[in-house]
Amino acid sequence: MAGLHTSDFKNPVVRWIDSRLPLFTLMSKEYGQFPTPKNFNYFWNFGALATINLLIMIATGVFLAMNYTPTATGAFDSVQRIMRDVNYGWLLRLVHMNGASMFFILIYVHIFRGMYYGSYKAPRELLWMTGVALLLLLMATAFMGYVLPWGQMSYWGATVITNLFGAIPLVGQWIVTLLWGGFAVGDPTLNRFFSLHYLLPFIIFGVVFLHVVALHITGSNNPLGIEVKSEQDTVPFHPYYTAKDSVGMCVYFLVFALIVFLRPYIFSEVDNNIPANVLQTPNEIVPEWYLLPYYAILRSVPDKLAGVCCMFGSILVLFVLPWLDTSPVRSARFRPIYRIMMFALVADMVLLGHVGANRPEGLFILEGRIGTVLYFAFYAALPFVGWLERPLPLPESISRPVLPPRSGGGGGGGPLPAGVAAKPMEKA
Amino acid sequence: MKGCVIVMAGALALGAGVAAPHVARAADEPALPHMKWSWQKNFGLGTIDRASAQRGFQVYNEVCSACHSMKYMAYRNLEGIGLTEAQIKAVAATKTVPGAPDDEGKPTTRPALPSDHFADPFPNDNAARAANNGALPPDQSLLLSAREGHADYIYALVGKGYVDAPAGVKVPDGLYYNTYFPGHFIHMPPPLADGSVTYADGTKASVAQEAHDVATFLYFASYPENDQRKHLGVRVAGFLVLLTGVTYAVKRRVWSGIDH
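Sequences listed follow chains A and B, in order. Counting in our numbering, the first sequence runs from 1 upward without gaps. Counting in our numbering, the second sequence runs from 1 upward without gaps.
Quick caveat, the hints were computed from the structure, so don't treat them as lab data. Computed from a predicted structure; not experimentally measured. One thing to keep in mind: the hints can contain errors.
Per label pair, the in silico range of CB-to-CB distance [said to hold, decoys possible]:
hint, chain 1, residue 1, chain 2, residue 2, range
1, A, Gly362, B, Ala167, 40 to 50 Å
2, A, Leu279, B, Pro123, 20 to 30 Å
3, A, Thr326, B, Leu242, 18 to 28 Å
4, A, Glu396, B, Ile258, 16 to 26 Å
5, A, Trp323, B, Pro182, 50 to 60 Å
Cβ coordinates follow ideal geometry from the N, Cα and C atoms, glycine included.
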């Protein structure tokens, strides 16, 4: 019929729908036959896991919002009502609360994987940049979510972070007033943060969609960092990676469950169990663990404006990573210097996190400054490392290094199911 | 897989390590005693010791509640430490809470019901301050969860902390010396004494015992979901371990035909 999609599905109902709205074809193409490098390790689970985590956060968040009161006088009480009186409210809240930490664990591993295996390099620059945008959106959402329980750390954290914008010349104070909806953090601030905290996850969902579209145009990178050469290098997404992702998903659920049920308060600050008090500043104002390295960078710079610039710059620099790195080789497996730099960067982030959790006094000031310099030195050194480094020889193809010489075996990548590699990589 | 696990563990350790209590105790404050609490037993799967929590409620009811409110707790919540419906009704009936205004609009009071939240000792914060030398006795619903050291701190503060001030330290009028209280000068007079309460189950009411019991009850007040959470958690984790095993077997089988 003219104008209708030609569907391959046999089931008449599915076929009827699919020829008018080819969702089944889309799913089958993108998550069924989608040719995927066959050499992924378990690091390649984390994107899917982060998506699941997003859905869990939205689901629990919607139910929490049904019982939450976004007012300065009612917020803290309503959270306690959720913990004590709402059926399984404690479970909803503990999942949501620890889900934020899980989200950052997943995302940080996901980013590490992207950097270690060079997934940001051409042609995946936009895939990478949508990912950095997602990180920023996630941080904003997490920060505003942390304000909602309206405990001491919520209130004072919000005060400290929003005040950072006051460092911007000329318009700074105007922006801060706009964020607050008044002249101090208060009811209007809580109201707008709640509204935005509910909105942003759906924007994140939209950007995740773009992220996945970009991924399915370029195809996935892989631990060797070399392009797929032939059908032998790939397997269809289903059942191979649905099966492998399921294993990762189960382990993730298990870790998540152990935290939620056994150590649900491991990431929380005791001060947030005290209702917000405008007149009393807590002894220490610290952000959640996932923001500590950036907080350390902020505090390591003696000038406020420069500190704010360095803090935002430490994340924004990721946007230009694809152009800072001049090496044509993607995977750190074949880049001896970059490999060491990556591990040093991770160690530096841990150091900065530790500094961020402590008062900036004594040795911590020095450690914070060294850590900050090293953090930016990593990015500053990348172009030169790309030019100077001598990469190890790359394998010919993904199939080659894992194919042991076999008696009588051809060059094939093992018995592939029929129809596996029937479709080339091109996308509709 | 191995590298992945290591990095994942590293990220977890970063989160947990960095988020762990990092407020160093002042040099002149002694280290907190590390008690083995009932909920910490069995690898953290322990439930709240109900006998101790009930004794702790008795201490709260007869001693602490003279000054401290516990506004997020309702009498019905005492079911969570094993009180029967009749016992809860009896406890509530001894309390007076504000009632609805009468026909002339005058405020009234009535005996509490199990659905009522714990009666406040003072009508408002100013009255509480006025009666306590200017200090506001903190609400005890979340007191334990809002202090570094949790139950160990509560136990140490009321059970061991009140000692004579060291020579040369002048304790201001109206304040008391407590080794575990940050800054050492606390408005709260020593709340517990040997025999402050008479336990129905015959347990000897020493200061240490009372402190232990009241810390247990305050743990329940802060984390009333503890027992249900852990019961459910064991089943969820058990299920997920099985599911992980089955899923891994399926994955191995699916991939068995592929050289990778």
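Unsatisfied constraints (hint numbers, rising)
1 and 3
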